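> Given next are the chains, with one letter for each unit.
Protein chains: 2
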Amino acid sequence: MEFSSKLLENAVNEMSQLPGIGKRTALRLVLHLLKQPQEQTGKLAAALTKMRENINFCANCHNISDTALCEICANPKRDGQLVCVVEDIRDVMAIENTSQFRGHYHVLGGKISPMDGIGPGDLAITSLVEKVKTGNISELIFALSSTMEGDTTNFYIYKQIEPFNITTTTIARGISVGDELEYADEVTLGRSILHRIPFETSLKSL
Amino acid sequence: MEFSSKLLENAVNEMSQLPGIGKRTALRLVLHLLKQPQEQTGKLAAALTKMRENINFCANCHNISDTALCEICANPKRDGQLVCVVEDIRDVMAIENTSQFRGHYHVLGGKISPMDGIGPGDLAITSLVEKVKTGNISELIFALSSTMEGDTTNFYIYKQIEPFNITTTTIARGISVGDELEYADEVTLGRSILHRIPFETSLKSL
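Going down the list, the protein sequences come from chains A and B.
Note that the working numbering has the first sequence beginning at 1, numbered continuously upward.
Note that the working numbering has the second sequence beginning at 1, numbered continuously upward.
Don't read these hints as lab results, they were simulated from the structure.
As the structure is a computational prediction, the values presented were derived from the model and not from experiment.
The beta-carbon is built from N, C-alpha and C at its ideal position, and this holds for glycine as well.
Derived, one-sided and incomplete: chain B residues facing chain A with beta-carbon distance under 10 Å:
no. : residue
1   : Phe3
2   : Gln36
3   : Leu44
Make a model of the complete structure from these sequences and hints.
See below:
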């Protein structure tokens with residue numbers, strides 16, 4: 001792609017560094033900014049810089065937070081003995097949206113993935129094991145994605161905390177609510193039959 | 001979507017102002033920036049701000065340019081009598097990529113579209129008519145998209161320049177090179193038969 005302006009080229013190149021944004025999309029976005037008032041670009045640039053420079057992570061759960069402890073960890077009404085292990089802060093947001101969980105989180109910051117060069121040392125696993133060691137946690141809920149990497153990470157953590165004898169659970173896998181059985185994949189359908197629950201229990205969540 | 005941080009929320013909100021970027025995509029992009037070194041965000045923000053503040057448009061054709069006249073208009077080898085009218089600078093880039101055009105461009109900055117509140121006054125039509133009035137232009141090539149808006153814009157400009165008696169042409173519409181006839185839409189196929197060209201002419205472009 002040949003540009004008639006270095007400034008434009010530079011902006012497009014930087015924009016296309018973002019994941020899923022190719023050169024063409026970057027050009028479209030940049031030309032959009034050119035059509036908008038100058039303040040909009042200024043506000044976008046300021047918001048990004050300010051966020052990147054001042055962002056803070058919760059000292060307890062590694063969730064993004066503007067304060068030392070995030071709102072969840074600082075909330076006395078929430079049960080700190082129950083810890084849900086998630087991959088990233090989007091998962092925290094997703095689970096919070098359900099309003100079904102009143103415990104704390106622990107954000108790992110990724111999954112063990114040797115293919116991408118991510119080992120256990122790159123994730124917040126040590127701090128999780130330390131937390132378990134204190135004896136203040138009664139249950140650890142694994143809520144990682146059910147991929148090879150997610151399973152590996154679950155197992156790695158499980159092995160580390162096994163000696164401390166706490167309850168470990170994993171979120172239920174099964175057919176999505178509202179889905180037709182005939183279109184479900186075999187593995188999911190198989191698991192949902194294997195891990196069936198008493199009908200009375202299911203009535204409670206209606 | 002509830003955010004645990006105002007800084008994050010602000011960055012996501014600004015990012016999601018961009019066309020085609022929803023809140024979820026914006027969050028993904030912003031979290032990506034958080035995982036990258038701080039310089040990357042700084043460079044992106046600086047590139048955008050610098051571009052928006054210092055961008056310049058060619059005084060002759062309204063193409064984006066770092067100099068008063070763009071490279072195309074400043075090039076003495078190019079034929080200023082031949083002017084190709086396009087919608088935006090992406091079209092200039094697309095035509096330049098073909099290396100088949102040695103004239104000048106005129107970037108309108110959009111199409112007449114009452115539905116979007118874009119009238120002739122919002123486009124660079126007056127400057128085009130002025131250019132035609134000088135008598136230095138021999139042919140005007142319409143290369144707008146063949147939509148209702150594009151056709152309206154073509155016709156509006158045509159009516160304005162009609163008194164000056166210059167040649168006006170429009171780019172050929174037809175079946176794409178390499179396409180199968182059976183899958184072509186009827187309108188395009190119909191036009192390509194109606195506007196057929198001598199076989200000898202087609203041989204020259206091989």
